[in-house]
Every structure is written in structure tokens, then in C-alpha cells.
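Q: Those protein sequences? They're chains A and B, same order as listed.
FYI, the numbering for the first sequence is 0 to 184, going by numbering that gives the first Met the number 0.
FYI, the numbering for the second sequence is 0 to 81, going by numbering that gives the first Met the number 0.
A few of these clues could be false.
[What the hints assert, rightly or not] Calculated pairs, SDA-like style, for lysine to any residue (alpha carbon to alpha carbon, straight line, at most 20 Å): (1) A/175 with B/16; (2) B/16 with A/129; (3) B/12 with A/134; (4) A/61 with B/43; (5) A/175 with A/124; (6) B/16 with A/183; (7) A/178 with B/6; (8) A/175 with B/5; (9) A/163 with B/4; (10) B/12 with A/144; (11) B/16 with A/147; (12) A/178 with B/17; (13) B/16 with A/145; (14) B/16 with A/184; (15) B/12 with A/164; (16) A/61 with A/15; (17) A/61 with B/7; (18) A/149 with A/161; (19) B/12 with A/184; (20) B/16 with A/118; (21) A/163 with B/7; (22) A/178 with A/121; (23) B/12 with A/167; (24) A/61 with B/41; (25) B/12 with A/132.
Note that these hints are calculated values from the structure, not bench results.
Listed below are the residues making up each chain.
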Amino acid sequence: MQSPASDVLMEFRQGDPESVEAAFETLYRQHQRAVYGWILRIVRDPSGAEELTVETFWRIHKAHERFEAARGFEGWARRIATRVALDWLRTRHASSELSVECLAELPSPNVGDPAIAAEIRLRTAQAFRRLPPALRVAAVLAVVEEQPHKVVAEALGISVTAVKVRVFRALRLLRKDLKRQGITP
Amino acid sequence: MKFGNTRDQDRMKEVLKEAVPRIEGADDGSCRDLWPVLLRRMEEHPASHWPKVHLLDLAMLAGLAALALFVPVSIPVLLYYL
Numbered sequence: 000m001q002s003p004a005s006d007v008l009m010e011f012r013q014g015d016p017e018s019v020e021a022a023f024e025t026l027y028r029q030h031q032r033a034v035y036g037w038i039l040r041i042v043r044d045p046s047g048a049e050e051l052t053v054e055t056f057w058r059i060h061k062a063h064e065r066f067e068a069a070r071g072f073e074g075w076a077r078r079i080a081t082r083v084a085l086d087w088l089r090t091r092h093a094s095s096e097l098s099v100e101c102l103a104e105l106p107s108p109n110v111g112d113p114a115i116a117a118e119i120r121l122r123t124a125q126a127f128r129r130l131p132p133a134l135r136v137a138a139v140l141a142v143v144e145e146q147p148h149k150v151v152a153e154a155l156g157i158s159v160t161a162v163k164v165r166v167f168r169a170l171r172l173l174r175k176d177l178k179r180q181g182i183t184p
Numbered sequence: 000m001k002f003g004n005t006r007d008q009d010r011m012k013e014v015l016k017e018a019v020p021r022i023e024g025a026d027d028g029s030c031r032d033l034w035p036v037l038l039r040r041m042e043e044h045p046a047s048h049w050p051k052v053h054l055l056d057l058a059m060l061a062g063l064a065a066l067a068l069f070v071p072v073s074i075p076v077l078l079y080y081l
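Using the sequences and the accompanying hints, generate a full structural model.
A: Encoded structure:
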């Protein structure tokens, strides 16, 4: 016997147009927060995350015929959301800069002079934003947000080893960038 | 699987976490209902009922049509391979 949840997924996949719309709204209501939260973790901008949540569900709706119910909705949605967020980061890569106002909201670390610590954090955050988006997304999800490597790998459509390589490269580039600025972490 | 100097990597992870803090409760955070925005988007860009045809497929079809037009002897060969 199929559960109501899998009925919704089947209708979304291959129902008649009205059933697809109804199933899509149900899935949207169930997963909106999770998708928004996932995107927010990547782009770190609430209004951008809202815009990208709409874009993600629009793409999900367009691609409903390609959805494989057996593989579950959550992972599929997360993968589309990650691609949408990555595209957004790529277009904003050069223009995005972290402001001093943003820094004021960050929690203070327990190191020496607060002014120096704040300066180091600001430079680190700015250097992080200069990283290639593909590396930045892997690092922010795996290191900052502490998501399991397997989940990150599925979301990015790469292997767990590839995630580890991206995180390693991101941290190495970050270290080099900070060293160039005279900061030795 | 380990990469490079683990101590350096761990230190960099700490530095990064201090500079870019974790977003707490991202899944439970307030997000306004975006359904009306999504509906508007779907109305503005309705899904096409025509099957999607890849550009490469179109180019190949055009090439075959041109071949049949300018080299009619190729038609039986093309039909044979269909």
C-alpha cells in the first residue's frame, strides 16, 4: 500500500494537469522552509534567498516530468536549489563585498584586541567572498554549516571525495589570500 | 581521506567559522509565504506543451535535409540507416 506522501509524489510526477498543480502546491507547502533555509545557508542573504526559492520551485515545476519519485523529493529539490544558488553567486561574484555593517552583526571571537580581531574577521570574510563560487559553496556547507559531506555531495552532484577536495582547495586559497595581506592565521 | 597539513586545515576551518558564522535555525527561520509570487511567475511563464527539441537535433535534421536535397542519391542510404 502506498502512503499519502508517495501518492503526492506520483501525482506530481505523472498526474493530469490539475493533480500536478495540487500535488505541487502540497510539496511547496511541505518543503518551502527547508529549501529557503538551504539556499540561505549558501547565499547568506535573506531577500536573495526568497527570490531564489521562487526560482527553485519554478524550475521544479517545469521539470516535474523528470522527477523520480523513488529517489525522494527533498534531495532533488536541494540539488536544484544548490544549482540555482550557485548560478546566483556566479553572477554576483565580482560585485559582492562584505560591508562593515555586516561585520558588526557577527559574534566576537575570544582573541586579544577586539579591533584587530574584527579587522581579521572582516578580511577573512572578504577573502572568502573572493573564492570561486564552486569552492565557496562546498566550504560554506561543509565547514561553516557543518552539513554531512554526503549531503553536500548529493546537493552539488559530485562525489564525497570531490567535496573534500573542494573544501581543501578553498581553505588553501583562503590561507594564501590572507598571507598576501600579511595575515598569518 | 586526508589532504595536506591537517593542523593548518583545522586552523583555517576555525578562522573561517569565526569570520563567517553559521546561520542558526535556517530551516525554522521566518520566510514569508512565497506561493503568490510563485503563482504569478508560473502565469507569466507557463510551461510549454510542445516537447522540447534540442538545438543539436534540429541542426542534424537540417543537415540531413540539405544532404537529401543536394545529393538525392543519398536518400536510399539514409532510408536504409533509419
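Q: Are residue 61 of chain A and residue 15 of chain A close enough, with their CA atoms no more than 20 Å apart?
A: holds (14 Å)
Q: Given the proposed pairing of residue 61 of chain A with residue 41 of chain B, does the C-alpha separation stay at or below 20 Å?
A: holds (9 Å)
Q: If you draw a straight line from the CA of residue 175 of chain A to the CA of residue 5 of chain B, is it 20 Å or shorter?
A: Measuring from Cα to Cα gives roughly 16 Å; hence the hint holds.
Q: For the pair supplied as a hint, residue 16 of chain B and residue 118 of chain A, is the alpha-carbon distance within the 20 Å limit?
A: Answer holds: residue 16 of chain B to residue 118 of chain A is near 15 Å, not above 20 Å.
Q: Checking one constraint from the list: CA of residue 16 of chain B to CA of residue 147 of chain A, max 20 Å. Satisfied?
A: holds (16 Å)
Q: Has the given pair, residue 163 of chain A with residue 4 of chain B, been kept, meaning a C-alpha gap of at most 20 Å?
A: The given pair, whose Cα atoms are some 14 Å apart, holds under the 20 Å limit.
Q: Does the structure keep residue 12 of chain B and residue 134 of chain A at a Cα separation of 20 Å or less?
A: holds (14 Å)
Q: When you check the alpha-carbon spacing of residue 149 of chain A and residue 161 of chain A, does it fall within 20 Å?
A: Between residue 149 of chain A and residue 161 of chain A the Cα gap is close to 11 Å, so the pair holds against 20 Å.
Q: Do the alpha carbons of residue 178 of chain A and residue 6 of chain B lie within 20 Å of each other, as the hint requires?
A: With a Cα-Cα distance of about 17 Å, the restraint between residue 178 of chain A and residue 6 of chain B holds, given a limit of 20 Å.
Q: Just to be careful, I want the Cα atoms of residue 61 of chain A and residue 43 of chain B compared with a cutoff of 20 Å; is the pair within it?
A: It holds: about 13 Å lies between the C-alpha atoms, which stays within 20 Å.
Q: Given the hinted pair residue 12 of chain B and residue 144 of chain A, is their Cα-Cα distance within 20 Å?
A: holds (11 Å)
Q: Residue 12 of chain B and residue 164 of chain A were given as a pair; does the straight-line alpha-carbon distance stay at or below 20 Å?
A: Cα-Cα ~14 Å, so holds.
Hint 17 alone, counting from the list given before, is not met by this structure.
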